[in-house]
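Listed below are the residues making up each chain.
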Amino acid sequence: MAADKVDPIHQFHIHTLVPIHIGGYDFSFTNYALFMVIVVVIAGGGLYWACVSRSVVPGRAQSVAEILYEFSASMLRDSAGAEGMRFFPFILTLFMFTLVANLIGMFPYFPTVTSQIVVTVALALLVFFMVLIAGLMRHGLHFFKLFVPSGIPIVVLPLVVAIEIISFLTRPVSHSVRLFANMLAGHITIKVFAGFVFSLGTLGALGVAGAILPMIMVIGLTALEILIAALQAYVFAMLACIYINDAIHPGH
Amino acid sequence: MAGSDGPGETGKTGTGKAFPHSAENLELDRRLRQLDRKLAEQRKEQQTRERPARSSNASGYAAAVRLSSEFVAGIIVGAGIGWIIDRFAGTSPWGLIVFLLLGFCAGVLNILRSSGMMPERKLSGKPDDAKKDGQ
Numbered sequence: 001m002a003a004d005k006v007d008p009i010h011q012f013h014i015h016t017l018v019p020i021h022i023g024g025y026d027f028s029f030t031n032y033a034l035f036m037v038i039v040v041v042i043a044g045g046g047l048y049w050a051c052v053s054r055s056v057v058p059g060r061a062q063s064v065a066e067i068l069y070e071f072s073a074s075m076l077r078d079s080a081g082a083e084g085m086r087f088f089p090f091i092l093t094l095f096m097f098t099l100v101a102n103l104i105g106m107f108p109y110f111p112t113v114t115s116q117i118v119v120t121v122a123l124a125l126l127v128f129f130m131v132l133i134a135g136l137m138r139h140g141l142h143f144f145k146l147f148v149p150s151g152i153p154i155v156v157l158p159l160v161v162a163i164e165i166i167s168f169l170t171r172p173v174s175h176s177v178r179l180f181a182n183m184l185a186g187h188i189t190i191k192v193f194a195g196f197v198f199s200l201g202t203l204g205a206l207g208v209a210g211a212i213l214p215m216i217m218v219i220g221l222t223a224l225e226i227l228i229a230a231l232q233a234y235v236f237a238m239l240a241c242i243y244i245n246d247a248i249h250p251g252h
Numbered sequence: 001m002a003g004s005d006g007p008g009e010t011g012k013t014g015t016g017k018a019f020p021h022s023a024e025n026l027e028l029d030r031r032l033r034q035l036d037r038k039l040a041e042q043r044k045e046q047q048t049r050e051r052p053a054r055s056s057n058a059s060g061y062a063a064a065v066r067l068s069s070e071f072v073a074g075i076i077v078g079a080g081i082g083w084i085i086d087r088f089a090g091t092s093p094w095g096l097i098v099f100l101l102l103g104f105c106a107g108v109l110n111i112l113r114s115s116g117m118m119p120e121r122k123l124s125g126k127p128d129d130a131k132k133d134g135q
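Order-wise, the sequence lines are chains A and B. With the numbering used here applied, the first sequence has no gaps in its numbers, which climb one by one up to 252 at the end. With the numbering used here applied, the second sequence has no gaps in its numbers, which climb one by one up to 135 at the end.
Calculated directly from the structure, the hints in this document are not laboratory data. Ideal placement from N, C-alpha and C gives every residue a C-beta, glycine not left out. Treat the hints with care, since some could be wrong.
[Unchecked claim] Estimated spans, in silico, between C-beta atoms of each pair:
| id | chain 1 | residue 1 | chain 2 | residue 2 | range |
| --- | --- | --- | --- | --- | --- |
| 1 | A | P153 | B | F88 | 26 to 34 angstroms |
| 2 | A | G151 | B | D29 | 42 to 50 angstroms |
| 3 | B | G90 | A | A185 | 50 to 58 angstroms |
| 4 | A | Y109 | B | G90 | 23 to 31 angstroms |
| 5 | A | A223 | B | K44 | 46 to 54 angstroms |
| 6 | B | G90 | A | V155 | 22 to 30 angstroms |
| 7 | A | S28 | B | R113 | 50 to 58 angstroms |
| 8 | B | R30 | A | I154 | 53 to 61 angstroms |
| 9 | B | D36 | A | P108 | 50 to 58 angstroms |
[Said to hold, decoys possible] Beyond 12 angstroms from chain A on every Cβ pair, some chain B residues (computed):
| id | residue |
| --- | --- |
| 10 | E24 |
| 11 | N25 |
| 12 | E27 |
| 13 | L39 |
| 14 | Q42 |
| 15 | E70 |
| 16 | D86 |
| 17 | R87 |
| 18 | F88 |
| 19 | S92 |
| 20 | N110 |
| 21 | S114 |
[What the hints assert, rightly or not] Here are a few chain B residues that face chain A, going by a calculated C-beta distance under 10 angstroms:
| id | residue |
| --- | --- |
| 22 | R66 |
| 23 | I76 |
| 24 | I97 |
| 25 | F99 |
| 26 | C105 |
| 27 | R113 |
Turn these sequences into a full structure, and let the hints guide you.
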């Protein structure tokens with residue numbers, strides 16, 4: 001029990017809630033799946049609930065919803081232009097999902113879905129393939145000229161093209177790892193410092209006095225983590241916008 | 001542009017002394033407009049400067065995670081491609097070696113791009129794009 005509490009990795013354990021097995025594959029409904037559903041419900045239902053009154057002078061909830069809407073709209077318009085606005089539903093969904101998932105993870109005992117690399121990789125691959133398909137639909141095979149920079153001597157061209165292709169393929173990796181690593185590292189750090197508080201607290205009066213220092217650290221880190229949670233959701237959506245911009249006007 | 005406006009402005013203040021009120025107003029208007037123009041220019045410059053680094057301005061920690069993930073991603077993808085090629089073409093270990101090195105290059109390229117030390121990739125071939133490249 002005691003070792004359980006100090007173990008900083010314990011929070012990332014996946015428990016099966018409803019075991020589902022189809023054709024030898026494990027499709028079980030886990031605690032993380034449950035929280036993904038909760039995130040979707042809170043993000044979607046929250047926005048719907050906030051805007052259901054549709055007043056001209058927005059109330060508190062409606063202003064928050066409008067700020068989120070306008071924030072992601074201007075983020076997409078700034079980086080991908082007016083043409084990129086057709087991807088706006090996707091970007092708003094992506095931003096709301098990551099934002100709500102990151103912030104829900106800040107509650108004690110709630111799992112952070114974005115701290116599982118499976119989730120972030122799935123999101124990043126979705127962005128990657130969407131960019132690829134949108135680029136191919138718009139520019140046809142011309143899109144692959146993205147990998148052939150102009151003004152390169154023919155001798156080193158194959159090398160440069162290979163490097164450019166690898167660099168393009170690294171996008172989903174770095175895109176997903178960035179969100180995943182930030183969430184994982186932040187939550188582990190908080191748990192480690194909270195573990196110090198717990199272990200020092202069992203050492204008697206002197207230990208309790210000493211436990212104040214990591215306690216202050218935990219409070220500071222929690223504030224920092226809330227900032228990072230919002231920031232990383234923004235960065236994730238922002239990168240998706242930049243990639244979409246590459247797909248729709250690669251020359252820009 | 002601002003340099004050419006300067007002397008003209010001082011000349012006007014000299015001649016406009018006969019009608020102090022209107023001349024002063026005109027002068028103020030002119031200076032206001034000039035200030036507006038300068039502000040607009042500066043704002044535009046600031047925006048263009050901020051745009052590539054927008055995701056990096058948060059903190060050093062964010063920049064560290066960003067750059068290291070870009071670099072590590074390059075190496076991982078390069079090694080992965082090399083390993084797959086080796087597995088299917090039976091060229092072990094040459095595919096892994098070559099693509100690991102290429103992945104290293106791609107990682108460095110990613111870092112240079114995301115830190116804004118290199119221009120983003122551009123689509124060549126279209127004449128109007130080539131013009132944009134030149135600008």
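Point to revise | Non-conforming hints, listed in increasing numerical order | key: Failing hints, ascending: 3, 4, 5, 7, 15, 20, 21, 24.
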